[in-house]
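Line by line, the protein sequences are chains A and B.
For the first sequence, position 225 (counting from the first letter as 1) is numbered 225 according to this note's numbering, and the numbering increases by one without interruption.
For the second sequence, position 161 (counting from the first letter as 1) is numbered 161 according to this note's numbering, and the numbering increases by one without interruption.
Treat the hints as calculated values from the structure; they're not laboratory data.
Predicted model only: the values in this text are computed from it and were never measured.
Check before you lean on any hint, since a few could be wrong.
[Unchecked claim] When the alpha-carbon atoms are kept at most 27 Å apart in a straight line, the in silico BS3-like pairs for lysine-lysine are as follows:
id: 1; chain 1: A; residue 1: K126; chain 2: B; residue 2: K135
id: 2; chain 1: A; residue 1: K126; chain 2: B; residue 2: K329
id: 3; chain 1: B; residue 1: K217; chain 2: B; residue 2: K303
id: 4; chain 1: B; residue 1: K205; chain 2: B; residue 2: K217
id: 5; chain 1: B; residue 1: K205; chain 2: A; residue 2: K126
id: 6; chain 1: A; residue 1: K155; chain 2: A; residue 2: K182
id: 7; chain 1: B; residue 1: K135; chain 2: B; residue 2: K329
id: 8; chain 1: A; residue 1: K164; chain 2: B; residue 2: K329
id: 9; chain 1: A; residue 1: K155; chain 2: B; residue 2: K217
id: 10; chain 1: A; residue 1: K164; chain 2: A; residue 2: K182
id: 11; chain 1: A; residue 1: K164; chain 2: B; residue 2: K205
id: 12; chain 1: B; residue 1: K205; chain 2: A; residue 2: K155
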Amino acid sequence: MAENLLELSGVHTHIAQYHILQGVEFAVPRGELTMLLGRNGAGKTTTLRTILGLWRASAGTIRFESADITQRETPDIANLGIAYVPESMGIFAGLTVQENLVLAARNGAPAGERLERIFRFFPPIKTFWHLPAGLLSGGQKQMLAISRAIVEPRKLILIDEPTKGLAPAIINNLIEAFAELKQTDTTILMVEQNFHAARSLGDSVAVMDSGRIVHTGRMAELAANEALQTKLLGLSLETHQ
Amino acid sequence: MKPIEGQRLDWAPLALLAAVGVAALALIGSPSTWVTLTIAGLAMGLLIFIMASGLTLVFGLMDVMNFAHGLFIAIGAYLAVSTLRLFSAAAGADSFLANLAAVMPAMLAAMLVAGLLGWFFERVIIRPVYGQHLKQILITTGGMIVAEQLIHVFWGPDLQPLARPASLRGAFIIGDMAIEKYRLIAVAIGLVVFAGMMLLLNRTKIGLLIRAGVENKEMVEAMGYRIRRLFVGVFVAGSALAGLGGALWGMYQESVTVHIGANMMVLMFIVIIIGGLGSIGGCFAGALLVGLVANYVGYLAPKVALGSNILLMVLVLLWRPQGLYPVSKT
Ligand SMILES: Nc1ncnc2c1ncn2[C@@H]1O[C@H](COP(=O)(O)OP(=O)(O)OP(=O)(O)O)[C@@H](O)[C@H]1O
Ligand SMILES: [Mg+2]
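Sequences are here, hints too, so could you generate the full structure?
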């Protein structure tokens, strides 16, 4: 097994008086795409936010490249080379597509091969370069959110339900883009409810329930085992959305 | 950065301003009176804009309700009093350049001291109450009271005259119209400040970050930027502008009392609510609207002048509940 880029051990997160994460324990192997699955409300989004320091873990440790980042501030964590595509996409609606990408590119204006790749993955980004991002369609916003995450080389990308609410054609478009992104050495931790996407993209998988990890393993194994899917996710992946 | 194409301007609020002007002309009848009132309204509006622009950004960026913003206005006005006194020879001279040599230091001193005070205020008073609106209101109101007492200590409780240098007095006479020079100067300075802010916000990375932060500060942090640092910068700049506005406003009224800032608070809140909280364009349009309406109504129906701004706010919010130029929050 590959070396781990990110490791969570015994992570607890409280939001106000609620005890949401109750000892989350899993690792993200370097260079792989790890799927984080689980029912609605299991704590997947909270896990991503805790990794990034948007919620502060109340106990446990989060290690990135072996360094303890549990108590670091969000900007410091991001600057280690971690990008985040939130469930709500976090697009700056009043800024143009270009301006959104300018802010995302920390090392000089977006240009060159990386930008070309983004245009190739997502042609609307080029078409609507000067349009306020708030006017983009839902799918185009998602493309922009992902573009911001890949406009520069990152070590780790956290992506929360990129296919949520999108039409099948766009979902396939995204899957292709991620498949190509996987060829680079980027490590990805993705939350996904769409079975087709989860199965075709995931290398490893972690399943959450009620604030805990209840299963970790290879995606292929889980995809082949319907009984396990039913046990972990309530439904088999095939029927899950 | 290249100019941004395809970003369209929402003309409706500007059309509203024009409509208000035209309606006032019809009601007032006399064009010369109308010109005088309009220029007075624009001058007042632009001074309010200078004073309130920091307040709206501070609220937009960090959700901070600063009821002590008027303090920076008061400090700016008092600094103008003291500086002009210090340079009384130049201020009293019969030469434009000499007058300028007194007024420029007054404006710079007002901005510098108000900015420094803003830095201190953010650190000591605002920082401990991030995210707690009730505490913000209480502690900033308290801070304002304390600061007013300190002003008493330094400058005394009495009204301070703030005479404008000779070349800033008087009026240009064109036909039967009298246009006060100082109002034109106030308009010019207001437009320069507005243009500078628009350039900063639209053409620089800092400006992009401020606009992005007003929309979604969490995402700005998740991209690796320190929003706190940005906020401190905005708070200091906003305080300095309030100081500048206070100096100009004091010279406009030609006298200063301790309450000069507190008296502006209600008007400033009306302006930033009308404009859309966190929006500089909105603050600009709202300030002009408030300035014009105050002057027109003050002439046409002095008895209702006091309530007219509240009524204006209600009407604007009925039309656009989020203000003239709402900021999208994601
Ligand atoms: N700001 C908050 N305040 C209180 N409780 C919260 C907050 N955010 C999330 N929760 C709770 O934390 C639990 C986990 O939420 P989370 O968003 O992490 O779930 P999720 O696995 O991402 O679900 P979904 O698949 O629906 O996105 C839920 O019970 C939710 O109600
Ligand atoms: Mg979620």
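To see whether the hints hold, each was checked on the structure:
1. A:K126 - B:K135: Answer violated: K126 of chain A to K135 of chain B is near 47 Å, above 27 Å.
2. A:K126 - B:K329: holds (25 Å)
3. B:K217 - B:K303: violated (44 Å)
4. B:K205 - B:K217: holds (15 Å)
5. B:K205 - A:K126: holds (21 Å)
6. A:K155 - A:K182: OK: K155 of chain A and K182 of chain A at ~12 Å, within 27 Å.
7. B:K135 - B:K329: With a Cα-Cα distance of about 23 Å, the restraint between K135 of chain B and K329 of chain B holds, given a limit of 27 Å.
8. A:K164 - B:K329: OK: K164 of chain A and K329 of chain B at ~20 Å, within 27 Å.
9. A:K155 - B:K217: holds (23 Å)
10. A:K164 - A:K182: holds (20 Å)
11. A:K164 - B:K205: violated (31 Å)
12. B:K205 - A:K155: holds (24 Å)
Hint check: violations occur at hints 1, 3, 11; the rest are consistent with the structure.
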